[in-house]
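Protein chains: 2
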Amino acid sequence: MQAFLITFCISAMDLECASQETVKQGLLARGWPPIKGFSKHVKTKVLEFFSHLIKLGQDDPRRVVHSLKAGLALTLVSLFYYYQPLYKSFGVSAMWAVITVVVVFEFSVGATLGKGVNRGLATLLAGGLAVGAHQLANLSGRIGEPIVLGFFVFLQAAVSTFVRFCPQIKARYDYGLLIFILTFSLISISGFRDDEVLELVHKRLLTVLIGGSTCVIISVLLFPVWAGQDLHNLIASNMEKLGIFLEGFGDEYFKMPEDGDSKEDRPFLQGYKSVLDSKTNEDALANFARWEPRHGRFQFRHPWKQYLKIGALTRKCAYRIESLNGHLYADIQAKREIRSKIQETCTKMGMESGKALKELSMAIKTMVQPFAADIHIENSKSSVMNLDTLLKSGLWDDETDLLEVVPVATVASLLIDVVTCTAEIAESVNELAKMLKFEVVEPTVSPEKPETGQLKIGIS
Amino acid sequence: MQAFLITFCISAMDLECASQETVKQGLLARGWPPIKGFSKHVKTKVLEFFSHLIKLGQDDPRRVVHSLKAGLALTLVSLFYYYQPLYKSFGVSAMWAVITVVVVFEFSVGATLGKGVNRGLATLLAGGLAVGAHQLANLSGRIGEPIVLGFFVFLQAAVSTFVRFCPQIKARYDYGLLIFILTFSLISISGFRDDEVLELVHKRLLTVLIGGSTCVIISVLLFPVWAGQDLHNLIASNMEKLGIFLEGFGDEYFKMPEDGDSKEDRPFLQGYKSVLDSKTNEDALANFARWEPRHGRFQFRHPWKQYLKIGALTRKCAYRIESLNGHLYADIQAKREIRSKIQETCTKMGMESGKALKELSMAIKTMVQPFAADIHIENSKSSVMNLDTLLKSGLWDDETDLLEVVPVATVASLLIDVVTCTAEIAESVNELAKMLKFEVVEPTVSPEKPETGQLKIGIS
Numbered sequence: 001m002q003a004f005l006i007t008f009c010i011s012a013m014d015l016e017c018a019s020q021e022t023v024k025q026g027l028l029a030r031g032w033p034p035i036k037g038f039s040k041h042v043k044t045k046v047l048e049f050f051s052h053l054i055k056l057g058q059d060d061p062r063r064v065v066h067s068l069k070a071g072l073a074l075t076l077v078s079l080f081y082y083y084q085p086l087y088k089s090f091g092v093s094a095m096w097a098v099i100t101v102v103v104v105f106e107f108s109v110g111a112t113l114g115k116g117v118n119r120g121l122a123t124l125l126a127g128g129l130a131v132g133a134h135q136l137a138n139l140s141g142r143i144g145e146p147i148v149l150g151f152f153v154f155l156q157a158a159v160s161t162f163v164r165f166c167p168q169i170k171a172r173y174d175y176g177l178l179i180f181i182l183t184f185s186l187i188s189i190s191g192f193r194d195d196e197v198l199e200l201v202h203k204r205l206l207t208v209l210i211g212g213s214t215c216v217i218i219s220v221l222l223f224p225v226w227a228g229q230d231l232h233n234l235i236a237s238n239m240e241k242l243g244i245f246l247e248g249f250g251d252e253y254f255k256m257p258e259d260g261d262s263k264e265d266r267p268f269l270q271g272y273k274s275v276l277d278s279k280t281n282e283d284a285l286a287n288f289a290r291w292e293p294r295h296g297r298f299q300f301r302h303p304w305k306q307y308l309k310i311g312a313l314t315r316k317c318a319y320r321i322e323s324l325n326g327h328l329y330a331d332i333q334a335k336r337e338i339r340s341k342i343q344e345t346c347t348k349m350g351m352e353s354g355k356a357l358k359e360l361s362m363a364i365k366t367m368v369q370p371f372a373a374d375i376h377i378e379n380s381k382s383s384v385m386n387l388d389t390l391l392k393s394g395l396w397d398d399e400t401d402l403l404e405v406v407p408v409a410t411v412a413s414l415l416i417d418v419v420t421c422t423a424e425i426a427e428s429v430n431e432l433a434k435m436l437k438f439e440v441v442e443p444t445v446s447p448e449k450p451e452t453g454q455l456k457i458g459i460s
Numbered sequence: 001m002q003a004f005l006i007t008f009c010i011s012a013m014d015l016e017c018a019s020q021e022t023v024k025q026g027l028l029a030r031g032w033p034p035i036k037g038f039s040k041h042v043k044t045k046v047l048e049f050f051s052h053l054i055k056l057g058q059d060d061p062r063r064v065v066h067s068l069k070a071g072l073a074l075t076l077v078s079l080f081y082y083y084q085p086l087y088k089s090f091g092v093s094a095m096w097a098v099i100t101v102v103v104v105f106e107f108s109v110g111a112t113l114g115k116g117v118n119r120g121l122a123t124l125l126a127g128g129l130a131v132g133a134h135q136l137a138n139l140s141g142r143i144g145e146p147i148v149l150g151f152f153v154f155l156q157a158a159v160s161t162f163v164r165f166c167p168q169i170k171a172r173y174d175y176g177l178l179i180f181i182l183t184f185s186l187i188s189i190s191g192f193r194d195d196e197v198l199e200l201v202h203k204r205l206l207t208v209l210i211g212g213s214t215c216v217i218i219s220v221l222l223f224p225v226w227a228g229q230d231l232h233n234l235i236a237s238n239m240e241k242l243g244i245f246l247e248g249f250g251d252e253y254f255k256m257p258e259d260g261d262s263k264e265d266r267p268f269l270q271g272y273k274s275v276l277d278s279k280t281n282e283d284a285l286a287n288f289a290r291w292e293p294r295h296g297r298f299q300f301r302h303p304w305k306q307y308l309k310i311g312a313l314t315r316k317c318a319y320r321i322e323s324l325n326g327h328l329y330a331d332i333q334a335k336r337e338i339r340s341k342i343q344e345t346c347t348k349m350g351m352e353s354g355k356a357l358k359e360l361s362m363a364i365k366t367m368v369q370p371f372a373a374d375i376h377i378e379n380s381k382s383s384v385m386n387l388d389t390l391l392k393s394g395l396w397d398d399e400t401d402l403l404e405v406v407p408v409a410t411v412a413s414l415l416i417d418v419v420t421c422t423a424e425i426a427e428s429v430n431e432l433a434k435m436l437k438f439e440v441v442e443p444t445v446s447p448e449k450p451e452t453g454q455l456k457i458g459i460s
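If you read the sequences in order, they're chains G and D. If you read the first sequence in UniProt numbering, its first letter stands for residue 1, the second for the next number, and so on. If you read the second sequence in UniProt numbering, its first letter stands for residue 1, the second for the next number, and so on.
No lab work stands behind these hints, which were simulated from the structure alone. Just so you know, these numbers come straight off a predicted model, no measurement behind them. Hints are all accurate, no fakes.
If chains are identical, the list can't say which one is meant, so a pair holds when it fits in one copy or spans any two.
Restricting the straight-line Cα-Cα distance to at most 25 Å, the calculated cross-link-like pairs of lysine to any residue (SDA-like) are:
hint	residue 1	residue 2
1	88	199
2	437	296
3	316	234
4	170	281
5	45	305
6	170	230
This is chain G alone, in the form it adopts within the complex (with noise of 0.2 Å):
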């Protein structure tokens, strides 16, 4: 049976996947291969699909974890049709708990919760609408019925789906405004036919409700995936990603090419590109995690609004960094000598930017104060004081044309800008420690002390 299943999603990604190559020796290009051919490539695809379905268990092991779940929840809802008794209470409207489980369970305890929720409000107030609605169409006897159900099914319908493009309710509850419109249409339809529409949203209630929780309880209980724990360690290991790149700026850019190495060669120096397109993702995580319940070191109102405000700038910091990487790889026209003038404090100013920013994603991580990060920042900030002094003393002879000063006092200037934009996020992260009161941890190696040559907590 898993056969068939493969075959689709190797045709699937046969479609995705295949490159332009691929394409153009494809089947249809061809005609019909030789069916050795043809085996051959099918194998190769299996053997792509079979390895990349197991980088995606390795990279993320709770995703085989969850998989397992939603088929554990599916196989205890499906025990309303095996178990007689409850067979015998619910008959068909079980169907309903095995639909609820299939669309409710979700990756994330706060996704899973919301959907729960949003299922079970929309049921219940669909389903009384939905009674009402057959109890007024009732009075206008047999043939004025289907009328005045037809009405208001059109009604709810074209208002309820209007209402879905309001985007602060889009956000949170676009799954509810869906059931509700298929409940009240199924119900009160449902209706012209059954007169039982009571027992029928009794039934249904119950139902989804008992899906629902299995669901809830199945994803809370057995090795949770928190959503607001995924956006806490999203936002450290962004900023984290940034540090990286910062720390290793300073050296790359200003190494000679006869120093050896490609530049081209550093992965690592790549890593803050996700940061850039991670909007979606954090807006997705906060509107699931607003909906869990207090877990380890979160509460239920976890002020993840201001999570989403050191995300944006995050996210401003590397558009900075996006123009700095652009210098990295362009040709270097200035002469050594006044590269060589600037560099100590250019890298000064990225490494300690990059530390700041790699110690108060770590502050983040590990809910501590970020005191050491406030002296990579201080620091950062004398950089760029020595770097105004440096560039007020003259740094150029006569000779010298703006020409090559323009490449690094742009770098110069943008790693300014980072400065700015750390302080900015170390600020915020702040302001988060004292919402959550992050723990004072003494350092346990004397902290170094910044350069100005006294201790500024707090960022000016």
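Keeping the supplied structure of chain G fixed, place chain D upon it in accordance with the hints.
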């Protein structure tokens, strides 16, 4: 009836939209408020909600049309219940036509078709497999049957759920896999209580096909919304937004504070911000567009990938513009004489890139060859050359310190980056023009000559 719905929506809006202040003054904080105050609060919220809805309709009237179409589709399939001969053939299976319409009917033709095809194929495949599973389970006797069925349900749910994590499959076949799990489970489990499994599958498939076809027909025939057209317009309008920023940038940046008007009062300069986060939307539209048949100027296998490529380059340009925007509002430290020396060239670079982007946007919108854009790009490139010459010639006297040059040099350098990005965008628009054989239109007014004196078509 709609009153309930509205109350539900208001409470939803209330939760989401209420400002911090309103929350502080909310019900809980004040205890039970006087009824007068409460009703006033509700009234304000209702009015706010309605004005929000009216704005949603005004922004895109297709939303109103879509809602009416959804209502119509649902009313049509409810005929299965009202019309005796139809109900006689399908009975309660008619329910699946209603469910299909509710979940398949989407805003664009592509999304509706994609979901419809997914649902139809998945129902067919899962139905077939479920019949097989039912036959196999039948062989294992009354006690063994639920165990075998349970095993099959668990296995297919776990495998299919895991396959849904595969990004390429998720993008196009996620809904199909969901329906596969649903249909397989429902039909194989129902088989335990109802031996007419084949008839069940037959009816289910037929009603799903009828529901799906109703959606597709209404979606295509009544004021169709094409995802392809939307993607086409989105790519063009994103480019235009960047163009508007660049055209205005020079004047804004070089304006002296004493020239009056705060720079912050320039909403037209902030339009580009939406481009930064456009990736998810573009990807979704491209996925939907792939399902759409030939319509207007779009073929079935339209090069949507090229649109995504142009979109990615436009975003890259937007990241540079985000850095530029930071400098717009920074305190300008450079002296008037330094700035005025490069003002003309920089303004020209921005202006010409902006015009090029607007021309490219117009070329995509009207599907004509972007000849005019090529001229502007040549102009912007020659401005870069002029700037080089200007910088080489030595702009400053011995007393000028580099600190005053840095901000202006950065802006100049970012503008050079923008010129490069614009040239890349133009190149990929030219590729698109070649693929789609854009019309060649003689300009009605004589085109500006590029300032290098020779017209170079094609981007170096």
